[in-house]
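**Q** Spelled out from the first residue to the last, the chains are:
Number of protein chains: 2
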Amino acid sequence: MFSIRYTSFPPTQLFIGKNLLTPKILEGNIVIVVDSALKDLYGKPLAKMWDAALISIPSGEKGKKKKTQEYLENTLFKMGVERDVTLVALGGGATLDLVGFVASIYLRGVALVLIPTTVLAVVDAAIGGKTGINTPFGKNLIGTFYPPKSIFADLNMLDTLPEKEKLNGLAEILKIGLVFDASIIEEEGEKQILKAIKGKIAIIEQDPRELGLRRVLNFGHTIGHGLEKIANYKMAHGEAVALGSLAACHLSFSLGFLSKTDFERIQKIFTPFSLKLPKNYSKKKLIKAMAHDKKKSEGKLRFVLIDQIGHAIAFDGAYCRPVSETELKPTLDWIEKCYG
Amino acid sequence: MFSIRYTSFPPTQLFIGKNLLTPKILEGNIVIVVDSALKDLYGKPLAKMWDAALISIPSGEKGKKKKTQEYLENTLFKMGVERDVTLVALGGGATLDLVGFVASIYLRGVALVLIPTTVLAVVDAAIGGKTGINTPFGKNLIGTFYPPKSIFADLNMLDTLPEKEKLNGLAEILKIGLVFDASIIEEEGEKQILKAIKGKIAIIEQDPRELGLRRVLNFGHTIGHGLEKIANYKMAHGEAVALGSLAACHLSFSLGFLSKTDFERIQKIFTPFSLKLPKNYSKKKLIKAMAHDKKKSEGKLRFVLIDQIGHAIAFDGAYCRPVSETELKPTLDWIEKCYG
Numbered sequence: 042m043f044s045i046r047y048t049s050f051p052p053t054q055l056f057i058g059k060n061l062l063t064p065k066i067l068e069g070n071i072v073i074v075v076d077s078a079l080k081d082l083y084g085k086p087l088a089k090m091w092d093a094a095l096i097s098i099p100s101g102e103k104g105k106k107k108k109t110q111e112y113l114e115n116t117l118f119k120m121g122v123e124r125d126v127t128l129v130a131l132g133g134g135a136t137l138d139l140v141g142f143v144a145s146i147y148l149r150g151v152a153l154v155l156i157p158t159t160v161l162a163v164v165d166a167a168i169g170g171k172t173g174i175n176t177p178f179g180k181n182l183i184g185t186f187y188p189p190k191s192i193f194a195d196l197n198m199l200d201t202l203p204e205k206e207k208l209n210g211l212a213e214i215l216k217i218g219l220v221f222d223a224s225i226i227e228e229e230g231e232k233q234i235l236k237a238i239k240g241k242i243a244i245i246e247q248d249p250r251e252l253g254l255r256r257v258l259n260f261g262h263t264i265g266h267g268l269e270k271i272a273n274y275k276m277a278h279g280e281a282v283a284l285g286s287l288a289a290c291h292l293s294f295s296l297g298f299l300s301k302t303d304f305e306r307i308q309k310i311f312t313p314f315s316l317k318l319p320k321n322y323s324k325k326k327l328i329k330a331m332a333h334d335k336k337k338s339e340g341k342l343r344f345v346l347i348d349q350i351g352h353a354i355a356f357d358g359a360y361c362r363p364v365s366e367t368e369l370k371p372t373l374d375w376i377e378k379c380y381g
Numbered sequence: 042m043f044s045i046r047y048t049s050f051p052p053t054q055l056f057i058g059k060n061l062l063t064p065k066i067l068e069g070n071i072v073i074v075v076d077s078a079l080k081d082l083y084g085k086p087l088a089k090m091w092d093a094a095l096i097s098i099p100s101g102e103k104g105k106k107k108k109t110q111e112y113l114e115n116t117l118f119k120m121g122v123e124r125d126v127t128l129v130a131l132g133g134g135a136t137l138d139l140v141g142f143v144a145s146i147y148l149r150g151v152a153l154v155l156i157p158t159t160v161l162a163v164v165d166a167a168i169g170g171k172t173g174i175n176t177p178f179g180k181n182l183i184g185t186f187y188p189p190k191s192i193f194a195d196l197n198m199l200d201t202l203p204e205k206e207k208l209n210g211l212a213e214i215l216k217i218g219l220v221f222d223a224s225i226i227e228e229e230g231e232k233q234i235l236k237a238i239k240g241k242i243a244i245i246e247q248d249p250r251e252l253g254l255r256r257v258l259n260f261g262h263t264i265g266h267g268l269e270k271i272a273n274y275k276m277a278h279g280e281a282v283a284l285g286s287l288a289a290c291h292l293s294f295s296l297g298f299l300s301k302t303d304f305e306r307i308q309k310i311f312t313p314f315s316l317k318l319p320k321n322y323s324k325k326k327l328i329k330a331m332a333h334d335k336k337k338s339e340g341k342l343r344f345v346l347i348d349q350i351g352h353a354i355a356f357d358g359a360y361c362r363p364v365s366e367t368e369l370k371p372t373l374d375w376i377e378k379c380y381g
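Note that the protein sequences, when read in sequence, are chains A and B.
Residues in the first sequence are numbered consecutively from 42, following the working numbering.
Residues in the second sequence are numbered consecutively from 42, following the working numbering.
These are calculated hints, taken from the structure and not from any lab test.
Certain hints may be false.
Since the list gives no way to pick out one identical chain from another, each pair is judged satisfied if it fits inside one copy or across any two copies.
[Stated by the list, open to error] Taking lysine-lysine and the PhoX-like style, the derived pairs with C-alpha atoms no more than 20 Å apart in a straight line are:
(1) Lys317 / Lys370
(2) Lys341 / Lys119
(3) Lys119 / Lys103
(4) Lys329 / Lys119
(5) Lys59 / Lys207
(6) Lys301 / Lys329
(7) Lys325 / Lys65
(8) Lys119 / Lys326
(9) Lys207 / Lys239
(10) Lys107 / Lys119
(11) Lys341 / Lys65
Values in this document were obtained by computation on a predicted structure and should not be read as measured data.
Taking the hints into account, I'd like the entire structure generated from these sequences.
**A** Next comes the structure, spelled out in structure tokens:
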């Protein structure tokens with residue numbers, strides 16, 4: 042018998058700072074794909090600066106589906122776009138996920154550059170190489186790991202965001218703080234964003250394919266994704282993650298892993314948010330919505346849990362624990378009481 | 042400004058030999074996806090041996106399209122297949138390409154094992170991590186680079202192939218010999234397969250993402266894919282590649298890169314094949330069919346060319362050369378005269 046081991050990999054370069062988007066950072070054949078809501082504000086000026094083609098796609102999470110994917114693929118084919126293209130994804134997390142997915146499968150993958158326009162997209166979608174679309178079975182169930190060539194996180198764009206949008210980003214930042222590095226929670230503004238990014242990169246470098254440690258980034262997302270699905274993706278991802286994170290903290294507390302003091306401190310951390318369950322929420326709907334989530338195993342839901350602020354529990358390297366419906370009940374009662 | 046470079050990669054293990062497919066080589070949750078034509082012969086016995094679920098998909102190149110991709114995705118979702126699954130692709134090149142593609146995008150990628158059932162699939166589709174489906178715009182235009190966890194090339198399966206099928210594999214083997222290692226052409230049987238595999242791995246290890254050297258593996262495929270498209274994918278890939286390789290050799294000769302002696306030797310090498318252009322072939326159709334091929338740049342078709350048997354021309358690291366329609370004409374006249 043004859044046996045060979047071989048390998049391949051792509052690198053990513055991340056830039057964060059003010060006034061990053063200059064003419065010289067990109068060259069060659071460029072196609073910018075922009076969230077339609079940002080076409081005039083960012084799409085057209087950048088297309089002009091880089092002499093790039095511009096394609097606009099339906100806005101936000103509702104547009105992140107197979108229909109938009111196929112529209113983008115076919116538009117690129119009709120334009121005769123070839124392998125030497127650089128696809129630039131310009132928008133929030135949903136746009137980055139969808140354009141990243143198409144970049145990963147178009148002609149078996151073309152160069153991808155991400156320009157996240159929200160704090161949430163910088164911290165969540167842009168870093169880590171995850172791409173994806175939603176399906177009728179659930180969120181992000183079809184997608185790839187496809188690290189971009191580069192990421193430009195322009196702080197000028199992020200500074201001008203409305204307060205509500207900044208809070209969305211804060212939810213993901215706090216999540217990273219809760220599971221990995223409590224000092225992130227103490228920071229503010231750009232320093233906090235940078236520290237959260239560094240934390241996230243430290244995690245994904247250790248486990249790029251989410252076989253263990255990287256699962257801590259799913260903290261708050263089992264319930265978070267379920268809530269988004271119930272709300273038909275009209276709920277902001279950040280709000281869903283904030284509620285989901287609080288629920289995961291409550292679960293950590295109710296299962297005896299997290300102290301009451303820590304849990305109460307965490308509740309205080311989330312006071313800037315005005316959180317509310319979706320109008321059509323019911324416990325039954327949430328359990329059904331979570332059933333198709335990727336973060337299950339052997340039919341049981343799995344949750345990332347913490348035993349102190351800044352530290353997820355390793356559970357023998359699995360970084361998550363199966364949780365039965367009975368174990369989950371007190372937490373679901375609690376969120377309904379507090380946020381219903 | 043803050044800047045980080047980071048990376049990720051997956052490895053592949055290839056096994057080739059007799060009696061490889063034993064109970065202990067696979068464990069855990071296994072779903073075998075088999076070409077419907079091989080369901081009874083290989084699918085059912087292997088599913089029984091590994092206690093695996095079995096899904097059968099439409100046979101061959103005609104089934105390698107979005108409809109089959111979605112059927113497979115939805116079947117897996119409905120079965121509740123989770124991330125811990127190992128998808129086993131069992132069949133020829135088309136099956137391996139399609140199942141590999143679904144494995145790369147289902148839940149952002151699950152473990153993939155390839156069991157190629159033809160020599161062509163061993164040498165061509167199985168090695169190199171390329172997956173893909175055909176689109177109305179052309180062949181393999183949507184796909185990924187997704188190296189399998191392991192490849193089992195069982196020589197018992199390959200030894201029982203009909204002669205015509207062995208010739209299909211020989212076409213790809215000779216192609217590797219023509220562009221990379223003339224000694225492959227002199228070998229026979231298992232030794233030849235092994236030498237071709239080693240040659241191909243040597244190429245893809247140097248250039249996994251096809252940015253330069255790996256392009257030599259596209260030798261014969263510009264015209265080959267065009268012919269398959271004209272024939273509506275009813276032409277065997279091996280035959281199309283054999284014809285395409287001969288045409289690329291003629292082109293190398295007619296552009297003055299390859300000697301007449303070498304070109305005549307190559308024609309002799311291909312005598313085991315009884316090659317014929319598709320019934321509905323016309324020069325115009327071929328040029329149109331090639332227009333959407335991935336191997337173009339700036340509107341011009343690009344060809345891999347050789348300057349001696351076993352050696353593709355580097356062309357400053359591009360390993361291909363733009364060819365105008367005028368330059369291509371003598372070659373198209375020649376193949377029509379010889380194989381029309």
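**Q** Each hint should be assessed against the structure and marked as holding or not.
**A** Against the structure, the hints come out as follows:
For a Cα distance limit of 20 Å, the shortest separation of Lys317 from Lys370 inside one copy, 19 Å, qualifies, whereas the shortest one across copies, 69 Å, does not. In the homo-oligomer, the alpha carbons of Lys341 and Lys119 lie at most 20 Å apart only across protomers (16 Å), although the nearest pairing inside one protomer, at 45 Å, exceeds that limit. Taking the shortest alpha-carbon separations for Lys119 and Lys103, neither the intra-copy value of 25 Å nor the inter-copy value of 23 Å comes in at or below 20 Å. Only between protomers do Lys329 and Lys119 lie at most 20 Å apart by alpha-carbon distance; the minimum there is 14 Å, versus 40 Å within a single protomer.
In the homo-oligomer, the alpha carbons of Lys59 and Lys207 lie at most 20 Å apart inside one protomer (17 Å), although the nearest pairing across protomers, at 61 Å, exceeds that limit. For the homomeric pair Lys301 and Lys329, neither the shortest alpha-carbon distance inside one copy (30 Å) nor that between copies (70 Å) is at most 20 Å. In the homo-oligomer, the alpha carbons of Lys325 and Lys65 never lie at most 20 Å apart, since the shortest distance is 53 Å inside one protomer and 42 Å across protomers. For a Cα distance limit of 20 Å, the shortest separation of Lys119 from Lys326 across copies, 19 Å, qualifies, whereas the shortest one inside one copy, 42 Å, does not.
When the C-alpha separation of Lys207 and Lys239 is checked against a cutoff of 20 Å, the pair qualifies only within one copy, where the shortest distance is 19 Å, while the shortest distance between copies is 53 Å. In this homomeric assembly, Lys107 and Lys119 come within 20 Å of each other (Cα to Cα) both inside a single copy, at 18 Å, and across copies, at 18 Å. Taking the closest pair of Cα atoms, Lys341 and Lys65 never come within 20 Å of each other, the shortest separation being 51 Å inside a single copy and 27 Å across copies.
Consistency note: the structure conflicts with the earlier hints numbered 3, 6, 7 and 11.
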